[in-house]
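A.B. asks: If you read the protein sequences in the order shown, they are chains B and C.
Here numbering that gives the first Met the number 0 is used: the first residue of the first sequence is 0, the next is one more, and so on.
Here numbering that gives the first Met the number 0 is used: the first residue of the second sequence is 0, the next is one more, and so on.
Read the hints as simulated data drawn from the structure, not as lab findings.
You can trust all of the hints, since none of them are fake.
Partner residues aside, some chain B positions facing chain C, computed with beta carbon under 8 Å:
{"#": "1", "residue": "Gly172"}
{"#": "2", "residue": "Lys202"}
{"#": "3", "residue": "Ser205"}
{"#": "4", "residue": "Ser218"}
{"#": "5", "residue": "Asn221"}
{"#": "6", "residue": "Pro238"}
{"#": "7", "residue": "Asp242"}
{"#": "8", "residue": "Asp248"}
{"#": "9", "residue": "Thr249"}
{"#": "10", "residue": "Met259"}
{"#": "11", "residue": "Ile269"}
{"#": "12", "residue": "Arg272"}
{"#": "13", "residue": "Gly458"}
Over 10 Å on every C-beta distance to chain B, these chain C residues come out as not near it, computed from the model:
{"#": "14", "residue": "Gln103"}
{"#": "15", "residue": "Gln104"}
{"#": "16", "residue": "Arg265"}
Here are the simulated distance ranges between beta carbons:
{"#": "17", "chain 1": "C", "residue 1": "Pro253", "chain 2": "B", "residue 2": "Lys239", "range": "53 to 61 Å"}
{"#": "18", "chain 1": "B", "residue 1": "Glu243", "chain 2": "C", "residue 2": "Pro317", "range": "58 to 66 Å"}
{"#": "19", "chain 1": "C", "residue 1": "Arg76", "chain 2": "B", "residue 2": "Lys451", "range": "52 to 60 Å"}
{"#": "20", "chain 1": "C", "residue 1": "Gly215", "chain 2": "B", "residue 2": "Glu243", "range": "50 to 58 Å"}
{"#": "21", "chain 1": "C", "residue 1": "Pro229", "chain 2": "B", "residue 2": "Lys451", "range": "26 to 34 Å"}
For every residue, glycine included, the Cβ atom is placed at its ideal position computed from N, Cα and C.
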Amino acid sequence: MNCQTHLYRNESPLALTRRWFLKDCAVGLGALALHTLVGDSAAAAPEPKDPLAPRPPQFPPRAKRVIYLFMAGAPSHLDLFDYKPQLAKFNGTLPPPELLQGYRAAFINPNSTLLGPKFKFAKYGRSGAELSELLPRLAEVVDDIAIVKSMYTDSFNHAPAQIMMHTGSPLFGRPSVGAWTLYGLGAESRNLPGFVVFSSGSKGPSGGASNWGAGFLPSVYNGVMFRSQGDPILYLSNPKGVDEHIQQDTLAAVRRMDQMHLEEEKDPEISTRIASYEMACRMQTSGPELMDISKEPKHILDMYGVEPGKPSFALNCLLARRLAERGVRFVELFHEAWDQHGNLTHDLRQNCEHTDRACAALVKDLKQRGMLEDTLVIWGGEFGRTPMVQGGDDGRDHHPNCFTMWLAGGGIKPGLTLGESDDFGFNATTDKVHVHDLNATILRLLGFDHTKLTYRFQGRDFRLTDVHGEPVVKLLA
Amino acid sequence: MAALTEFEVTAVPINDPTNEVKVKFVQATADYANAEKELEAEFNDKSDQKRVYGPVAFAIDGKDNTAWGIDAGPGRRNQSRKAVFIPEKPLAFTNGAVLTFKLQQNHGGNNSDDNENHNLGRFRLSVTSATNAVADPVPAEVREIFQTPASSRTPAQAAAVFSAWRATAPEFKDVNDKIEALWRQYPEGTPSLVLRALHDHGPGDEKRVTHALARGDWLKPEKAVTPGVPKILPPLSPEADDSRLTFARWLVDPHSPTTARVFVNRLWQAYFGIGLLETPEDFGVRAPAVSHPQLLDWLAVEFMRPSIIAPGESSIAPPWDIKHIHRLIVNSATYQESSRTPPELAQRDPNNRLLARGPRLRVDAEIVRDIALDASGLLDEQIGGAPVTPPAPAFLFQPPASYGPKTWRDETGPERYRRAIYTFRFRSVPYPALQTFDAPNGDGACVRRLRSNTPLQALVSLNEPIFVECAQALARLCLEQGGNDAERIRYGFRRCLGRPPEAREMRELTSLLRREKNYIRDGWVDTAALGDKDKALFPPKGTTPTELAAYTVVARVLLNLDETITKE
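Next comes chain B alone, as it looks inside the complex:
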């Protein structure tokens, strides 16, 4: 049983058991609701088939949940993580021709001059990982994260590359990594959806809902978009004029009427429906409770950089932690802001001001609550940016050959910097990690052999990693 004892450190075990059982334990509660409502007569009926029922993975997992910080638009690895003195040295000169053979760029003529890194770098922590001056907060947790400098992908435009990252194919129609996770593991929290999505930044991710879609998996595995203001969940509030008294009376009448029909029909789906209404009713409480950050101490709000009442990436990070505490399996935050074709110096600085503190705070906060052990945090975008300049002297184009991501917790080896790129950060060279390798690693940490988590569709067993991918063993703690 997954009792999540770390969530309730300061509570008496007696209270904890009850609270956990009633509030956070889906199996317990679902079963409880079912048995009390169904009564003895139908107790012999088979368990209703529930596509969201929690189920164990194929082998013991290192991570029980995932928080994916998706930096849509593609951050510049060259200005944030992957310091290249040679690039600075050859700033303003043309790249070696052999580097560009067969290379296609999204917008620029590949034969454009090199652009040196725009920011100062230094080494941090015991691990001595190198980071840009734009990431001072990440520097504080650098020994808790693993940086992968040798990522590469197949697509170099935003929508296909984002969909590639999430589904293993640049074409839409395949399930996202969040949907696969829910399909594999089910949902632990039934007061909240098992796969929750937030979006901040200047606009939504260009890959749209396919990034958190269920593809050909059943729709129930879709990510559910939450709002960080007002009702987090659609249609959570009662209609106008319906107060608490009427709502309770309505739900009680629905329950009794369904109960009568259950006695006649004996279809266990009716008891599932009754339980669903009970859970919906609880969501009406747990939703606002999730959003109510008034009880978060000031030092926590400050650590994230949350301004109460103002939607922000920082607020979404805090909500992600609160969702993780409530057993939500997969939380993904999209922050589309990183497409610096121009204005790189200003915009990159601004983006880091908006995100660096909160990302680091999330890692710290999970760690201090003992949750980092089994929560996998992933940070990254859909590709990297060119070492060549775009426009005047302050922009970079899309670049699929090399980019950087970082991961933390959930069985990731902390303090590791994995992989290298060439002198210009153009190609990943050692310990290369393809998108499929990353996804295979995520599934491995969740307790799955990525080749065996499959879904038969149109006569073929599909998987997240298509026919590719190897878990990156060096990343595992």
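Since the structure of chain B is provided, determine the placement of chain C on it from the hints.
C.D. replies: Just chain C, lined up with the frame of chain B:
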């Protein structure tokens, strides 16, 4: 679609480069301009400014909110148009000048990099020394045809010239009016692409060579491929060409019953929840076994060559008559079995593959909504037509939820209550009320849905605006029905469940109504809001706002019963 906000020209004399002159225009003519109208919603720039487009004079009026518009309506857009702008005085510079033309186009939406820019597709600029120049009223395409001597024009060219003349000839007024009236009925285009078959009949009609792509990568074409059919299925006839017509004929060839088998299996699935073959998308060798193979074959043959007269038919149905199969299925003893599930049957055959009982399943997403609309009398039964945009949360269509802003105006007319299949679907913003009930996102074809049963569904049917409006409308219907409370409740119950209530169900609902009437009468509730704010002040004759509000509560219960959205 395009709109020209301002046409501006500056002239810089070559011998006096600092003396830039802004040219003042005093007259503008065009071969076409739409009547003045406000910009459509998709061009909303989020300013509160009223922005219009119409006569060509709008392009030289110095105003940023007016533009020359060339929207000739559906079927007549995207034609070359001309405008001539006359300056106050002729431009004359002894040593010549550099002219800079500025085509201001500010009549797009606020997301200029999306499909709302409202810009000219292409343009050409000319200058003339002619005095009193006006825009040539003869369409450019027709003017071009004049270059060809009349004797050597193609019939199409001759017809184009005649049409242009006919439109201006007074003696053709009646005909012109009729044609114009017909044009006005021309439907708006759909955004779907249509592929035209190419036959290798000369220039512009070359067949495209199709390649197998290495792992689907279009940059890595491998060997060229030609049309054909899988070898395990009956071959094409040797003399057939490789057109789509050949393929269509092969699909419905009686020697090739796969199509019929697949089709009747889908009809069966629609009624029973699971097909005779449970993978309707896969009839291949890796598919599971058919539960009733002889039945599937018999239905397929009966579909291709009807042999019996089903109830409701007067003679043998024609081949491939879908309704014939519907009739056979719904009139079958199997379909009419009770759906009651005794525990021992549930245990032996939980999915009812052996059909020992009738189907019992929650209906598909679209039908969930249609049931509520129909039970409440709100359903707009119009068939076909353009998709509609019933209410949806506005934030979903704006950044940062959506990549670009999307236009979604909640319908306010009867379209609000069209059947759910007419709901417009953005692939990137699935319609939430339907998605929650397992409607697929549209990323790919989906012929089999899972039926989930989640709390989010309960939230939709309890609180989503259309469902709430249905509860309000159903309450009104019950009150209008007249009679006493018992009769009214019975009426509402039948509308939702299609059967009369049992005594204990009546007791439950009557007591709910009584409780709510008392509670509402005590003044704790905003009766107007509960009973529909627009109309609640005018409840049906002889009834009170309190009654309407109390019945709304009862109607909301009825619409949320498991049985209401379940076929049994």
